[in-house]
Amino acid sequence: MSSPIKIAQVGTYLPAKIRSNEGKAAKFGYDQHFLHEKLGFASIAVRAEEETTLDMCLQAFRDLKRKTELDVKEIQLVTVVTQNPTLKIPHTSAMLHNQLGMDKGCMTFDISQGCSGYCHALFIVKALMEAQHLDHALIFTCDSYRNLIDEEDRNVSMIFGDGATATLLSRTAGEGFELRGASFGTVPDSHDCLIIQDRFLRMEGGRVFQYAAQEIPKSIAEMLAQHGLTAEEVDFFLFHQGSKYVVDSLVKLMRIHRERSVFSSGTYGNTVSSSLPILLSEYQGAGGKGTIVLSGFGVGFTWGHCLLKYTETEE
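Each residue of the sequence shown is one higher than the last, beginning at 1 in the numbering used here.
Just so you know, not all the hints are guaranteed correct.
[Claimed, not checked] Calculated pairs, SDA-like style, for lysine to any residue (alpha carbon to alpha carbon, straight line, at most 25 Å):
1. Lys218 with Ser261
2. Lys218 with Arg255
3. Lys289 with Gly228
4. Lys17 with Arg66
5. Lys252 with Thr230
[Unchecked claim] Pair by pair, the computed Cβ-Cβ distance ranges are:
6. Glu69 with Gln214: 37 to 47 Å
7. Thr230 with Glu69: 32 to 42 Å
8. Gly29 with Thr230: 38 to 48 Å
9. Ala286 with Ile18: 21 to 31 Å
10. Glu37 with Ala286: 15 to 25 Å
Hints in this document: simulated from the structure, not taken from any laboratory. Glycine residues also receive a C-beta, built at the ideal position from the N, C-alpha and C atoms.
Throw the hints in and build the complete structure from the sequences for me.
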């Protein structure tokens with residue numbers, strides 16, 4: 001019987017430049033309570049003008065290399081979750097494959113998904129690894145909306161930050177998180193709640209929140225029930241960092257004790273597909289184990305949840 005596939009480690013990258021939202025809050029007429037307790041993003045991470053999705057993924061890979069023994073020649077699959085690739089053609093994963101010197105037999109493809117993309121990628125990549133009997137794979141995430149933001153648009157200009165992650169999935173990891181279950185969905189007639197119009201991102205925040213409040217608690221509960229679990233039996237919930245108000249509302253709606261969830265992106269912003277893996281990296285770095293739920297939601301309006309269980313391989 002083959003060894004289980006585990007999330008071994010997650011590498012992360014946030015640009016050095018941090019832009020305060022204080023000035024914008026004043027300009028748009030938002031008070032300090034709204035900025036810190038509702039929006040939650042006191043500042044956002046901003047990539048350098050010349051920095052590309054490929055560059056940021058490479059930085060996340062370097063962080064992953066610092067955390068784990070990783071031979072790129074052993075990687076058999078690479079995918080990049082992004083709606084903003086370095087080039088339209090070729091796919092960014094092929095460019096990463098070349099930059100990192102990976103073998104010819106390595107599969108590469110990109111996934112365009114946004115805020116729920118990490119959960120989609122975990123499920124897809126695990127399924128491919130099992131079907132093709134692969135041992136090692138990398139999932140990258142990077143969604144910089146910098147060139148899509150109208151800085152005069154109060155609905156988006158204070159929310160989105162830049163970042164990237166690199167996740168190693170491996171059969172040979174001595175410890176890590178196994179994917180035990182998942183849930184996905186798309187709300188009908190919701191695709192235009194987040195949309196590019198006149199080359200800029202437009203968001204109807206009220207609709208996004210309404211969809212999240214209606215769909216996320218219910219779909220998580222259904223996923224847990226399929227595995228004989230309740231929310232009380234989950235050790236920690238990692239919610240997409242859409243805003244502090246969204247995370248706080250989900251915690252309240254699901255009646256989760258506050259110490260079993262977190263909003264920790266207040267200094268760097270909503271990093272879209274990188275939001276969940278950054279949280280997972282922080283959770284692993286703090287020694288977090290047990291049973292956890294990842295919940296991503298947004299563009300589409302789509303959601304993706306993953307039920308993860310920390311396991312150790314017995315010697």
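Cross-check of the supplied hints:
Among the hinted pairs, Lys218 with Ser261 is consistent with the structure: their alpha-carbon atoms are about 17 Å apart, no more than 25 Å. A threshold of 25 Å between alpha carbons decides the hint, and for Lys218 with Arg255 the separation of about 12 Å falls inside it, so the pair holds. Between Lys289 and Gly228, the direct Cα distance comes to roughly 19 Å. Compliance with the 25 Å bound is thereby established for this hinted pair. Taking the CA atoms of Lys17 and Arg66, the gap is near 22 Å; set against the 25 Å cutoff, the hint holds.
A threshold of 25 Å between alpha carbons decides the hint, and for Lys252 with Thr230 the separation of about 15 Å falls inside it, so the pair holds. A beta carbon spacing of about 44 Å between Glu69 and Gln214 agrees with the range 37 to 47 Å that was offered as a hint. Distance hint check for Thr230 and Glu69: the Cβ-Cβ separation is about 38 Å, which falls inside the suggested range of 32 to 42 Å. For Gly29 paired with Thr230, a C-beta distance near 43 Å keeps the hint of 38 to 48 Å intact.
As the Cβ distance of Ala286 to Ile18 is approximately 22 Å, the hint placing it in 21 to 31 Å holds. The beta-carbon spacing between Glu37 and Ala286, approximately 24 Å, falls within the hinted interval of 15 to 25 Å.
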